[in-house]
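Under the working numbering, think of the first position of the sequence shown as 205, with each following residue one higher.
None of these hints come from the bench; they were simulated from the model. The beta-carbon is built from N, C-alpha and C at its ideal position, and this holds for glycine as well. Don't take every hint at face value.
Taking CB as the label site, the calculated pair distances span [said to hold, decoys possible]:
| no. | residue 1 | residue 2 | range |
| --- | --- | --- | --- |
| 1 | S325 | A243 | 28 to 38 Å |
| 2 | P341 | T299 | 37 to 47 Å |
| 3 | G334 | A218 | 38 to 48 Å |
| 4 | S222 | K332 | 26 to 36 Å |
| 5 | A301 | A352 | 31 to 41 Å |
| 6 | F295 | L266 | 39 to 49 Å |
| 7 | A352 | K226 | 18 to 28 Å |
| 8 | A353 | V242 | 21 to 31 Å |
| 9 | R231 | G331 | 45 to 55 Å |
| 10 | N354 | G311 | 19 to 29 Å |
| 11 | A301 | L235 | 21 to 31 Å |
| 12 | V242 | A352 | 41 to 51 Å |
| 13 | N354 | E277 | 35 to 45 Å |
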Amino acid sequence: MKLILTADVDNLGAPGDSVEVKDGYGRNYLLPRGLAIVASRGAQKQVEGIRRAQDARKVRDLDHANELKQAIEGLESVSLSVKTAGTGKLFGSVTQADVAAAIKSAGGPVIDKRSIELPKSHIKSTGKHGIVVHLHPDVAAKFDLEVAAN
């Protein structure tokens, strides 16, 4: 079965790659989870869109990583408003995707959520939390995220 990947799949490929897999693996795992689409002419056009979006998030080189670091660390305040209980605990948790959206809404660059390192796996309380963004193997940006009650 010939498929085009829409997400990163371990030991198979990256988004936009055209792969040949066994019918059962494609039909029962990749397609239902939205990790791939069936290869066709129309799907090839979607691949171009996927690759363009991926390139926009990708850090090109060390100089580009340093520019992004300055942009992130130059943000005056990165804050996120969430629903909380009376004690300051969150009803859910703040994830890497939430932090990436908060950076963008604060006027920062678009960052891949997989490059964001939270203090623990998720933030579950209000206050200031130190966040690290790994932009390049040699470059990491650090900033404080203010989690406030809604």
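Range hint compliance [Cβ, A301 to L235, 21 to 31 Å]:
holds, 23 Å
Taking the Cβ atom of N354 and the Cβ atom of G311, is their distance within the range 19 to 29 Å?
For G311 against N354, whose Cβ atoms are near 21 Å apart, the range 19 to 29 Å holds.
Would you say the C-beta atoms of G334 and A218 sit inside 38 to 48 Å of each other?
violated, 30 Å
Go ahead and decide if the range 31 to 41 Å is satisfied by the Cβ distance of A301 to A352.
Since A301 and A352 have Cβ atoms about 18 Å apart, the given range 31 to 41 Å is violated.
Could you say whether the range 21 to 31 Å given as a hint is met by the Cβ separation of A353 and V242?
The hinted range 21 to 31 Å is violated for A353 and V242, with Cβ atoms some 46 Å apart.
R231 versus G331 beta-carbon gap, inside 45 to 55 Å or not:
Because 47 Å falls inside the window, the suggested range holds.
Given the hint of 28 to 38 Å, check if S325 and A243 actually sit that far apart at their C-beta atoms.
holds, 36 Å
Do the Cβ positions of P341 and T299 conform to the proposed distance bound of 37 to 47 Å?
Violated - the Cβ-Cβ distance for P341 and T299, about 24 Å, lies outside 37 to 47 Å.
Regarding S222 and K332, is the given constraint of 26 to 36 Å on their beta-carbon distance met?
For K332 against S222, whose Cβ atoms are near 45 Å apart, the range 26 to 36 Å is violated.
Outcome of range test on Cβ distance (N354, E277; 35 to 45 Å)
violated, 27 Å
Quick one: are A352 and K226 within 18 to 28 Å, going by C-beta?
The hinted range 18 to 28 Å is violated for A352 and K226, with Cβ atoms some 49 Å apart.
Outcome of range test on Cβ distance (V242, A352; 41 to 51 Å):
With a Cβ separation near 45 Å, V242 and A352 satisfy 41 to 51 Å, so the hint holds.
Checked against the numbered hints given earlier, this structure breaks hints 2, 3, 4, 5, 7, 8 and 13; the rest are met.
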